[in-house]
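Protein chains in written order, with the working numbering: chain A, 1 to 454; chain B, 1001 to 1292.
Rather than coming from a laboratory, the hints here were simulated on the basis of the structure. Check each hint, because a few of them may be wrong.
[Unchecked claim] Subject to a maximum C-alpha distance of 30 Å in a straight line, what follows is the list of computed DSBU-like cross-link-like pairs (lysine-lysine):
| id | chain 1 | residue 1 | chain 2 | residue 2 |
| --- | --- | --- | --- | --- |
| 1 | A | LYS257 | A | LYS228 |
| 2 | B | LYS1114 | A | LYS308 |
| 3 | A | LYS333 | A | LYS431 |
| 4 | A | LYS445 | B | LYS1114 |
| 5 | A | LYS453 | A | LYS308 |
| 6 | A | LYS200 | A | LYS379 |
| 7 | A | LYS336 | B | LYS1114 |
| 8 | A | LYS233 | A | LYS257 |
| 9 | A | LYS205 | A | LYS233 |
| 10 | A | LYS379 | B | LYS1114 |
| 11 | B | LYS1114 | A | LYS431 |
Since the structure is predicted, the reported quantities are computational estimates derived from the model, not experimental observations.
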Amino acid sequence: MNNSGDRSKIIDRRKFLSLGSSLAASGAMLATLNAAALGQTQELLPSVEGMAATGEPIPIGGGVPLTGWAAADGIEFKRALEMACDEINALGGILGRPLAPVFEDTKEQGADNIIPAMQRLIDRHGVHAIINGYNTGAVTQEYDTIADAGIIYIHHNTDIVHHDTVGKNPDRYYGIFMGDPAEYWYGEGLLAFLNGLVDKKEWEKPNNKIAIVTGSQNYSMVIANAIKDNAAKYGWDISLFETVVVPISEWGPTLAKLRADPPAVIAVTHWVPQDLAQFMLQFAPNPINSLVYMQYGPSLAAFREIGKDSTNGVLYSTVIAALQDEIGQAFIKRYKDRFGADSSPLVGAQVYDSCQYYAVAAALAGGTGGPGDEAQNRKISERLRRLIYRGVMGTTHFFYPEQAAIPYPDATNDPSLGMPHQYLQIQDFTKDPAMIAPPPYETAKFVLPPWWKA
Amino acid sequence: MDTTTQIIISGLTLGAMYAISTVSLSLIWGALNVLNMAQGALLTLGGYAAYTASAALGLNAPLAILLTVAAGGLFGVAMYALVVRHMLDREGFEVNVIIATIGIGMVLEAGLQKLYGAYPIRQPLTVEGGFFLGNVYVPYNSVIIVLTSAALMLVLAAVLARTRMGRAIRAISQNRDAARLMGVPVELVYAQVFALAGGLSAASGIMLSTITTLAPTMGYDPMLKAFIICVVAGLGNVMGALYAAFLLGLFESTVQFALGVRFAFISMLVLVIAVLIWRPYGLFGRTRVTKL
Chain A
1 MNNSGDRSKI IDRRKFLSLG SSLAASGAML ATLNAAALGQ TQELLPSVEG
51 MAATGEPIPI GGGVPLTGWA AADGIEFKRA LEMACDEINA LGGILGRPLA
101 PVFEDTKEQG ADNIIPAMQR LIDRHGVHAI INGYNTGAVT QEYDTIADAG
151 IIYIHHNTDI VHHDTVGKNP DRYYGIFMGD PAEYWYGEGL LAFLNGLVDK
201 KEWEKPNNKI AIVTGSQNYS MVIANAIKDN AAKYGWDISL FETVVVPISE
251 WGPTLAKLRA DPPAVIAVTH WVPQDLAQFM LQFAPNPINS LVYMQYGPSL
301 AAFREIGKDS TNGVLYSTVI AALQDEIGQA FIKRYKDRFG ADSSPLVGAQ
351 VYDSCQYYAV AAALAGGTGG PGDEAQNRKI SERLRRLIYR GVMGTTHFFY
401 PEQAAIPYPD ATNDPSLGMP HQYLQIQDFT KDPAMIAPPP YETAKFVLPP
451 WWKA
Chain B
1001 MDTTTQIIIS GLTLGAMYAI STVSLSLIWG ALNVLNMAQG ALLTLGGYAA
1051 YTASAALGLN APLAILLTVA AGGLFGVAMY ALVVRHMLDR EGFEVNVIIA
1101 TIGIGMVLEA GLQKLYGAYP IRQPLTVEGG FFLGNVYVPY NSVIIVLTSA
1151 ALMLVLAAVL ARTRMGRAIR AISQNRDAAR LMGVPVELVY AQVFALAGGL
1201 SAASGIMLST ITTLAPTMGY DPMLKAFIIC VVAGLGNVMG ALYAAFLLGL
1251 FESTVQFALG VRFAFISMLV LVIAVLIWRP YGLFGRTRVT KL
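In isolation and in its complexed conformation, chain A is listed as follows:
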């Protein structure tokens, strides 16, 4: 696929990381202190009298989809950035200066929307950093706009192209970081996870076949190809590789193929929740002995609301969500208290964490830098590169020179050095999904799906 999937290269990165260990250690210590000071384990917003920031505001940009198909997530990105800024400001901002979030709409998210939105944030608002959730469609084309302005840009596009773009030219794109692991890791990670179930005797696979059903979007294709390309290495055969054109609601022909040659695992890398729910509604009345793994969609409540009990037993994973531990739960409570029970803190978590560690890095670097202040933003970038930050999503720590979050356990065996690639299972559709891996974050055990016949 590319260099990020090459384990030997990861070891090289580790060498680099170990060389910078003394700096990393100091950064980690400060980050830990800072995180504690920010009260991330407390349920209520910590506020200390006399600490609130009063200096000149620092504009922080959010280029988020406030309208269009991804608006539901975009609103959460906006909320999370506002919440993070408020919490940081309550504790003194960045060296006494409060953060002032400003937003531009990336609408339907193509490059034609994303690049102008970034440009407006820079030109109109003079932002010192842009902190986003995801924007699909530009595929790193917005990077030059950021690089020309010389500011910090942290996004969660979950895009392997970021590795190539930044990895090949880290000097130009020094300020650009991807705050979550690339989608590529979903593919190889799934194979390792399945073998783990077999090794732990939690599941006896009826055969070695995996059927891959992918959407036509880049995200789905990268994951599907990662599964296909690595299957043999993990002892699996690909029995079906079906690309569907989205949106799709009638799955009959695809299900007919699956039923004709039942695989041990059906991996659906298409991600739209309503399409996936329809798959389960049509699969459940006449199931086959296969585990069903799906991408992203099951993490949204809509999947369970639409699919109801047909979704029980479905597996999915995420490289970017709040953990179900003390820190994660405290964040979820604060978020819902502020934005209501219907809000989605799991979506907002990515932006929240990124804003927090940007503030840490900027403070350690001696302050923020506006557009054109390359010298100061390079200092912040150096701090970010060395950062080990424990937030609501677990640990954020970046590959170098790619400047993308390192996934655990896919690329490191140390949970304190990587963002957990979380595996979840819907065990009761009326409740939140159960987190079944990786250790030490899991809160439940894998169970065989209700349609499984021993």
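For this one, chain A is given, so just place chain B on it according to the hints.
Quick look at chain B alone, frame taken from chain A:
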């Protein structure tokens, strides 16, 4: 055998979805020569209106459907009275109305998103359950959609062929000026067509959303397929659209199984091109088009 049954069931379900998406588009196109680019948003409006009537107002299913159809009809009339009527006798009407209805569709979609959010919602009027045909599960919901879409098309064709209003619509579609000179109240008939199309779109939106799920963008894909079906059938040919919808649905599900899902839409477009080369006025059109 089961595989063949599954392909047929899937093909009929797809055909029914296409048929219900096409019915009102075909009506407005045939009667008024208006290419209604707001059709997708009208379908969406129907889905959300039914959701509101059922989930928020707590109405029972028949009342919710009735209210939804009425709301769609009202919106159709408003669309005609506020926008289309003012363009009718102007130069460049056919192009202007395309742009105007694109705008209406965008405003409507944005409004729905503002009101309901972008999060997908289950349509509460979905009929649950089903039965087995051999080893193939057939949802009741799909059966209802197939039967309702066919019934709607047949009723509409009968209205156009056998009623006074239908005659007036056909007269206008053939020659608006001549119809006016013969005493047909053109503006009233136009308003009736938009009301009828709006109501049909709303009813179609309900059925569509039981399969696709409610989302502000749910109408895009069905609208695209509806245009294709209208062209294949012959512009404005309502009964032709019904046949074409089911033929294309069965063709698509067969290609999905035999060649792969990704080849289905491409194959459909190739088929459309072939049909248009072979019969430029569509499968069910005539050389001198008699619409409706």
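Hints versus structure:
For the proposed pair A/LYS257 and A/LYS228, the alpha carbon gap of about 18 Å is at most 30 Å, so the pair holds. Our distance criterion of 30 Å between C-alpha atoms is met by B/LYS1114 and A/LYS308, whose separation comes to about 26 Å. Of the pairs offered as hints, the one joining A/LYS333 and A/LYS431 holds, with about 16 Å between alpha carbons and a cut-off of 30 Å not exceeded. Proximity of A/LYS445 to B/LYS1114 is assessed by CA-CA distance (about 40 Å); at most 30 Å being required, the pair is judged violated.
Annotation: proposed proximity of A/LYS453 to A/LYS308 holds, straight-line Cα distance about 21 Å (limit 30 Å). Of the supplied pair hints, the one linking A/LYS200 and A/LYS379 is violated, its CA atoms being roughly 46 Å apart against a limit of 30 Å. Taken as a hint, the A/LYS336 and B/LYS1114 pair is honoured in the structure, with Cα atoms around 21 Å apart against an allowance of 30 Å. Taking the CA atoms of A/LYS233 and A/LYS257, the gap is near 25 Å; set against the 30 Å cutoff, the hint holds.
The straight-line distance between the Cα atoms of A/LYS205 and A/LYS233 is roughly 17 Å, inside the 30 Å bound, and the hint therefore holds. Restraint check: the Cα-Cα separation between A/LYS379 and B/LYS1114 comes to about 41 Å, which exceeds 30 Å; the hinted pair is violated. Restraint check for B/LYS1114 and A/LYS431: satisfied, since their Cα atoms lie roughly 28 Å apart, inside the 30 Å limit.
Figure legend: structure checked against the earlier numbered hints; hints not met, in rising order: 4, 6, 10.
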